[in-house]
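A.B. asks: In case you want the letters, here they are:
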Amino acid sequence: MKFLPLIIANLFRKKIRTALTVGSFAVSLFLFGLLAIVRGAFSQGVDVAGADRLVVINKVSLIQPLPLSYRDRLLRMSGIKLVTYDNWFGGVYQDEKNFFPQFAVDLEHQRAMYPEFKVPEEQWQAFAGDREGAIAGQSLADRFGWKVGDRIPIKGTIYTGAWEFNLRGIYQGTRAQDDTTQFWFHWDFLDERRAFGKGDVGWYVVRVTNPDLSVQVAKTIDAEFANSPFETKTDTEKAFAASFVKQMGNIELLILTVGGVVFFTLLLVTGNTMAIAVRERVGELAVLKALGFSNRFVLLLVMMESLTVAFIGGALGLLLAKLFSLHGDPTRGILPYFYLPPLAIVTGVAAALLVGVAAGILPAVSAMRLRVVDAIRRV
Amino acid sequence: MVRVDGSGSSASLVHVRGLDKTYTRGGEVIHVLQGLNLDVDSGDFVAFMGPSGSGKTTLLNLLGGLDVPSAGTISVAGDEITHMSASKLTAWRARHVGFIFQMYNLIPVLTAFQNVELPLLLTKLSKSERRQHVETALQVVGLADRMRHFPRQLSGGQEQRVAIARAIVSDPTFLLCDEPTGDLDRKAADEIMDLVGRLVQEFGKTVLMVTHDPAVAQRAQVTLRLEKGSLVGALEGASHT
Numbered sequence: 001m002k003f004l005p006l007i008i009a010n011l012f013r014k015k016i017r018t019a020l021t022v023g024s025f026a027v028s029l030f031l032f033g034l035l036a037i038v039r040g041a042f043s044q045g046v047d048v049a050g051a052d053r054l055v056v057i058n059k060v061s062l063i064q065p066l067p068l069s070y071r072d073r074l075l076r077m078s079g080i081k082l083v084t085y086d087n088w089f090g091g092v093y094q095d096e097k098n099f100f101p102q103f104a105v106d107l108e109h110q111r112a113m114y115p116e117f118k119v120p121e122e123q124w125q126a127f128a129g130d131r132e133g134a135i136a137g138q139s140l141a142d143r144f145g146w147k148v149g150d151r152i153p154i155k156g157t158i159y160t161g162a163w164e165f166n167l168r169g170i171y172q173g174t175r176a177q178d179d180t181t182q183f184w185f186h187w188d189f190l191d192e193r194r195a196f197g198k199g200d201v202g203w204y205v206v207r208v209t210n211p212d213l214s215v216q217v218a219k220t221i222d223a224e225f226a227n228s229p230f231e232t233k234t235d236t237e238k239a240f241a242a243s244f245v246k247q248m249g250n251i252e253l254l255i256l257t258v259g260g261v262v263f264f265t266l267l268l269v270t271g272n273t274m275a276i277a278v279r280e281r282v283g284e285l286a287v288l289k290a291l292g293f294s295n296r297f298v299l300l301l302v303m304m305e306s307l308t309v310a311f312i313g314g315a316l317g318l319l320l321a322k323l324f325s326l327h328g329d330p331t332r333g334i335l336p337y338f339y340l341p342p343l344a345i346v347t348g349v350a351a352a353l354l355v356g357v358a359a360g361i362l363p364a365v366s367a368m369r370l371r372v373v374d375a376i377r378r379v
Numbered sequence: 380m381v382r383v384d385g386s387g388s389s390a391s392l393v394h395v396r397g398l399d400k401t402y403t404r405g406g407e408v409i410h411v412l413q414g415l416n417l418d419v420d421s422g423d424f425v426a427f428m429g430p431s432g433s434g435k436t437t438l439l440n441l442l443g444g445l446d447v448p449s450a451g452t453i454s455v456a457g458d459e460i461t462h463m464s465a466s467k468l469t470a471w472r473a474r475h476v477g478f479i480f481q482m483y484n485l486i487p488v489l490t491a492f493q494n495v496e497l498p499l500l501l502t503k504l505s506k507s508e509r510r511q512h513v514e515t516a517l518q519v520v521g522l523a524d525r526m527r528h529f530p531r532q533l534s535g536g537q538e539q540r541v542a543i544a545r546a547i548v549s550d551p552t553f554l555l556c557d558e559p560t561g562d563l564d565r566k567a568a569d570e571i572m573d574l575v576g577r578l579v580q581e582f583g584k585t586v587l588m589v590t591h592d593p594a595v596a597q598r599a600q601v602t603l604r605l606e607k608g609s610l611v612g613a614l615e616g617a618s619h620t
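Taken in order, these protein sequences are the chains called A and B. Per this note's numbering, the first sequence runs over residues 1 to 379. Per this note's numbering, the second sequence runs over residues 380 to 620.
With the rest of the complex left out, here is chain B (with noise of 0.2 Å):
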């Protein structure tokens, strides 16, 4: 269950109070998010839409640890992240978050097996244990085929399942996609979001997603819209109505 309107309580996976973010950009300071409360539950999946500079991306980033708010409180699955040192936040990262970004953001001299091992390098598993979990998220996207291939020999949509790969191989507690389709065809966006889909659906995780892309927050179950900082209402998606 999705609230925006501070109803919900703080054993929601993603707790979220009050959450303000300012710049200062040439002395003029800037109100990015204002306010803004939101409860997420484990297994939802939702998509935040507005317009460009509505603050989508900057509440992904401090809702991943990216960031730091600059007041108000944001807590995932029982750890309040606002006031972690940096090094404790990097290490919350690794266990808790996975990452899905627009460019993909692989790293271009490492095959697909090497990139997706990237997450697991920081954990203490064997070599034969990262060699199994690797695999078994490369099967899940469907590129155990692919796991010998180097990012510039892949299509655009099978870098971003090896990086969908990448971000589920540690089991994360949830999903960050900051526009996973927006460098991608029609096709090959619909078949990322069968998958990000099959993730929620088949093994339960949880998903928050930015998106300009009406068909693509339409497979999530809940939209909501940001504008001027402030999260305004929420919709059901198509696909889960």
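Chain A extracted, bound-state conformation (with noise of 0.2 Å):
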């Protein structure tokens, strides 16, 4: 802790300097934070995945129906506890921008299947009750200003046709990461409504007995249909979404390139910024050799003045980004888990802190090796 004023002490030698090397350190923490952000919400449907959930779509393709008779047929097969199905509605609220994920559900269900999302018991008996009731994620209702009792309109797009909704309730997520921008409302009155397509369901959501043998029940639900008008394909949840992000190209790559190429013109940057803030200091450095500080303090003084900026720069871009993510999704829908997960901070500052390191290392190692009388001859 004595040394800390000779650390501060040099980090505002040049203010603008440093100021300019930390503000590079937050910028691209902070893009890396968002891209942290962006691969989350694409893959954050693979992790919050219900481990015990089937989901069975149309081997087709997952806009092919499957009939509501299939139902029973699941329930009665071994392994299976549990079986609910939804349907993808795909309306416009106001306008085409304004998307949101709309599910018809099974009501009798939905609450058993999906554990996760809570809802006030109150407000589900009056879901329950009311026909063209509906329920909408906190997020959801938070980005229109929606309330209990609000009437909301929905332009039929697949289901053609004005449809209202009254909304009866609002559902919270119980992690961090819980999707709240969805949109439920009765399997029953789009059945009953809907012009075609009557009795069948988009898909079936199945709960194991035991997770150990999802695989094999999954394999037991496509076999039991096989040869059928209506093949399935089962999958588990985190197979399923996974898959949808597969469809949206390998992000993951994406993601490491753009960050790869970010932090390595960070360490290009910071490693010059420190080599020339040593060269210009070498009488400085002599003196403390002279005075008795040894060649490893030097080493340590460097690298800890590199570190430090690291540290504070990483964090502050880290720190905006998390900010930014609390104003929850800006694109209104395209990434509804808009969220900065702490392991993503964490690594953003082990990597903030290894450029740190690697920009420091070489500036420090040759203060380290240099020769006092060298150095105060070239004063």
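By construction, these hints were calculated from the structure, which means they are not laboratory data. Any given hint could turn out to be false.
Here are the simulated DSS-like pairs of lysine-lysine, each with C-alpha atoms no more than 30 Å apart in a straight line [as the list claims (entries may be wrong)]: (1) 81/A x 233/A; (2) 14/A x 506/B; (3) 503/B x 2/A; (4) 219/A x 81/A; (5) 238/A x 59/A; (6) 198/A x 155/A; (7) 467/B x 503/B; (8) 15/A x 506/B; (9) 81/A x 59/A; (10) 59/A x 246/A; (11) 2/A x 15/A; (12) 506/B x 467/B; (13) 15/A x 59/A; (14) 2/A x 506/B; (15) 2/A x 566/B.
These figures come from a predicted structure and were not determined experimentally.
The two chains are supplied separately, each in an independent frame; assemble them into the complex guided by the hints.
C.D. replies: Given below as structure tokens:
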């Protein structure tokens, strides 16, 4: 601690240069934070997927329906303890840019299947008792300023016509990364009003009795419906979510590439700055050595300066990214999981410190190897 | 008592025997110091004079453990420093040597107080003990009222006095001064030399000083001339004869 004033004084020697270097770290780590958020947005569905849930879709494609009659057949199969079903609605609220996912849900089993979503009991009962009732996630309600009791008009695009719903409840996620941008309404209401596809569901979600047997149960389900007009393709919820991510391209590679380029550039900028900072202070470092400060101390002094800049800049950038994420999804629905996870923050700080070490090590070693006699002669 | 003929005893504070220093530049071997002997007792004030390139600063660097000789031995207060490892030599310097440079070499981003405190950061003194030592050193050099000033806010003479306070704050065995007045006007130079003289007379410090200025050398008890790498004679300083 007694050497802290020396480190701080050196950092404030060239205030603008230090501010710019800290700024470089801050901007880079802010970008890193955003990339982590985007990566999370694409993969969060995979991360939060229930380990004991399977998704059963039509083998041809997700947009092909399955008959409602499969529900009872699924329930009769061993290893399955709960079945529910959903339909994608795909309506437009006021304007096409106001995208959010709407699902016609199986009222009876929705809560049991998704315990991570919480709805106050009285709101759920009000929803259950109103055929035109709907429930919205907290983020969605906040986005449009909805409150319980509001009438929500939605223009159908698949199931055409004007649809109106009464908002009876608002659900919350139990985890920060849970998606609270969904809109649920009665599957019965959809089935009653739609002009085609009556008695069809979009997909089934199945809870297995033993998650270790998920793969086996999935195979059994697909075998059960093989060679029928509606063959199925069953995956774990995690694999199902991952297949969506894959459709968007190799997000992971893209993020790693962009992140890598940013950090490499940062390394060059910071390394150059530290090298200049050391070159300017050759005489002073030599005097410290003449006074009895060891080579190791000089090495650590330069390294500490580099690490301090890296840490402050990195922490600042990640803090800004976190604050930015708290405002919610700026794309209004494309990235529903707009959340900077703690692991990304820790990784970001570690990456910043790593760049700090890499940028500082060469100047620090050259400072350590400095011969006092030569350096003082240069002053 | 200062001797250059090798007749001094090993009990001298500074005891140098057969000191050689050679450099190789462009394939040419340059003998900077050759077979130099020197004995300096505690409380002596010695000036080294000589033309440029005669080896004055090299000798000072060797005595201060900043450089290693090509041959010969240097003992200071019983410690043979010529064979010490680099880390031991660093620790030895912190304990025994106070450096005063021509260009002051203060750290510009630290205040006078912080500059003087630097050598004490290497000791186990508490913060309050360090403060006490620093204030005393700055009082000795007459700058107690400037301790919060940065070097850029001080005159050249004041900067050098801060450097002197830094050199004496840890109470080293001896002071090595390399052209301490070389960058000062006559008045400031006289003030600095008055201060160095006080350190010798009042505080019993041992001072070894390199200078080009005969007037400054006169302040020393003994002036030694270095020519072609050898100490060729001793002159008694005018102020002490």
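A.B. asks: Each hint: holds or not?
C.D. replies: Hint by hint, here is what the structure shows:
no.: 1; hint: 81/A x 233/A; result: holds (19 Å)
no.: 2; hint: 14/A x 506/B; result: holds (28 Å)
no.: 3; hint: 503/B x 2/A; result: holds (11 Å)
no.: 4; hint: 219/A x 81/A; result: holds (16 Å)
no.: 5; hint: 238/A x 59/A; result: holds (18 Å)
no.: 6; hint: 198/A x 155/A; result: holds (19 Å)
no.: 7; hint: 467/B x 503/B; result: holds (17 Å)
no.: 8; hint: 15/A x 506/B; result: holds (28 Å)
no.: 9; hint: 81/A x 59/A; result: holds (23 Å)
no.: 10; hint: 59/A x 246/A; result: holds (18 Å)
no.: 11; hint: 2/A x 15/A; result: holds (22 Å)
no.: 12; hint: 506/B x 467/B; result: holds (25 Å)
no.: 13; hint: 15/A x 59/A; result: violated (63 Å)
no.: 14; hint: 2/A x 506/B; result: holds (8 Å)
no.: 15; hint: 2/A x 566/B; result: violated (37 Å)
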